[in-house]
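Asker: Knowing the structure of chain A, use the given hints to seat chain B on it.
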Amino acid sequence: MAVFYLAFLVLGSFIYWRTSIHLENEIRALVDSTLKDAVDYVVLEAGLEELQEEVNERVEHDPNGAAAYVLLDSECSAIAGSLHRSDTLSRARRACENGLSSEDWIRYSESLIEGELMSHGFVGRLQEVRDGYQLFYGRSIAQLEDTKSLIASALFWGFMILLLLGGSAGVLMSRVINSRLEHINRISREIREGDLTQRIRVDHAGDEFGRLAINLNEMMDQIQQLMEGMRNVSNSLAHDLRTPLTRLRNHLEELRGKDQSLEARDSKIDQAIGEADTLLSTFSALLRIAQLESGGSRGGFSITSIDRVIADVVELYEPLATASGQVLSTGGASGASLRADRDLLFQAICNLVDNAVKYTPVGSRITVSSLLDDGRVSIAVTDDGEGIPVDYREKVFDRFYRRESHRGTAGNGLGLSLVAAVAKLHGGQVSLKDNYPGVNAVLAIPQ
Amino acid sequence: MHILVVEDDQPVADYIVKGLREAGHAVDHAGDGKDGLFLAAGKNYDAMVIDRMLPNVDGLTIIQTLRATENKTPIVILSALADVEERVKGLRAGADDYLVKPFAFSELLARLEAQVRRATAQPEQTTIRVGDLVIDLLSRECHRGDQLIDLKQREFQLLEFIMRHAGHVVTRTMILENVWDYNFNPQTNVIDVHISRLRQKIDKTFDRPLLHTVRGAGYVIREPE
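The listed protein sequences correspond, in order, to chains A and B. Taken in order, the first sequence gives residues 1 to 447; the numbers are from the numbering used here. Taken in order, the second sequence gives residues 448 to 672; the numbers are from the numbering used here.
Isolated chain A, as found in the complex:
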């Protein structure tokens, strides 16, 4: 702000100064040209006497005008001109007596009576005309002075207005900023104190504050989602891990009994280890899912050929599927590539295939294919088995969800949760659709 004011002052002063100089130079030019005319007149056309007459005529014509003349002889006596103008007269004579040359500009002031007594500035000089005679010509700079004071006044008032407007604008702006900041601060405080649902009000989505508010709100959305996700995980953990833990404990307790053969003991120990391993892998899977859902890092991404991954999955699962009585094969290949985490993608597709193998009856056909459509890569695991009833299609993604009829099978119910988490990490989604009959599980990711 201060810089702005300073700039205004500097500019103003500069304008003032340059204008003054210019106007004065104009007047000097006028003086120069008049004196030149006089010299030419005397030298080329007429003589000193004619000059004397001319000067007197001019003064008679306009005695108190802008021009003042004094014709001086070789002894510096005034012989013609504005002899009534006392200041001009005395200055001219003095200049002549002091031997001032035509280079010396003289500034003086002359009192005039124009209704009232006023004082005007004059500027002029001497010029030798002929035979030691000199002509003094002075010109009023009243106009110049008027202009100067006009400019000064304009600058002054302009500055005042600027000060006023700038000041009030400044106050106004800081008030607005403060109130918006205060709003953001207040909401932040409320969030900090525990109310995660609070959001900042967005008045003008276009300006910087609006954008800041939108970004902060989106950040809060994500945080809220994370917190809820974590809450869900702890709930599921408590609920569904109790069973294997209880079983583990039971096996260990049974080990204390006497009258057991070494084989019986070893068998119980193996069972206990088995339960513990199940628990360990469940924890790992949970951790993985939680990490992925919290946005995870996309740092492990690389360009991956989808068909390659699908071929690997099918190749890995083919023996298991065959042993389980199903037919697993690859379907259409899209030739598409994605920026993806190869391992995660592989695991996600494996989980889908794993589900298909687990939950379809003997004789089912399972096909894994990929499709590229409008910038989206869709990986489909399709089977012609029994299908999932519509009401359960969303629930299957919940952690640990197992349909009652499948509660006995191996696995921990986390398979689809992982697929959903992987899909989300890649900016896509997974869905289960009816295949009439069977299930069409589709993992869709944009390129």
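Hints may be right or wrong, so weigh each one.
Pairs of lysine to aspartate or glutamate residues, derived as EDC-like cross-links and limited to a Cα-Cα distance of at most 16 Å, are as follows [to be verified]: (1) K648/B x E602/B; (2) K599/B x D312/A; (3) K548/B x D277/A; (4) K599/B x E315/A.
Just so you know, the hints here were simulated from the structure itself, not pulled from any lab data.
Answerer: For chain B alone, kept in the frame of chain A given last:
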């Protein structure tokens, strides 16, 4: 083998140390990074197990320091951080393998021994033999006795991997990593079925089985006693 375990979590450390001793190895233990680095730099170990998060000096720093001093001892890092970036960081720092917690001891042992084998590896051979089972790495042929066994490409790769670690247990995760080149813990017995198919081909019709299952750990191929 003489092994160094640097782990600050006491119960975990006890578990690992005990397991390694029972497997017949001599084990030293350090409970923080500074002691760990001191021991590692001072003595000659055959292998080290280093936890990533340690008080005073962290695991990665220990490894970097050791590698900077030309110490080439095989190192397996233990870490709770599972994502690919962290793996890469760990491996770049100079570790040979990266194991995510929680893990089964058998996994740790198998990997540790695999790394030691790698470090003391013989110059590249073109055939590998276990008992009367031979595979030729150049011609990609498999023979048992004088019978040619027809193996598919992946089956051959699987057999090759297990035979390279003949006499030692390879875990399912190791198989998935090295034969299929994917990094995760298969929940179901998808690998088991591949092994069982392989067994059909190389063991079934022969009198002495070479490929064995080790409960709770993995598989091993070895000459029968």
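Asker: Looking back at the numbered hints, which does the structure fail to meet, lowest number first?
Answerer: none
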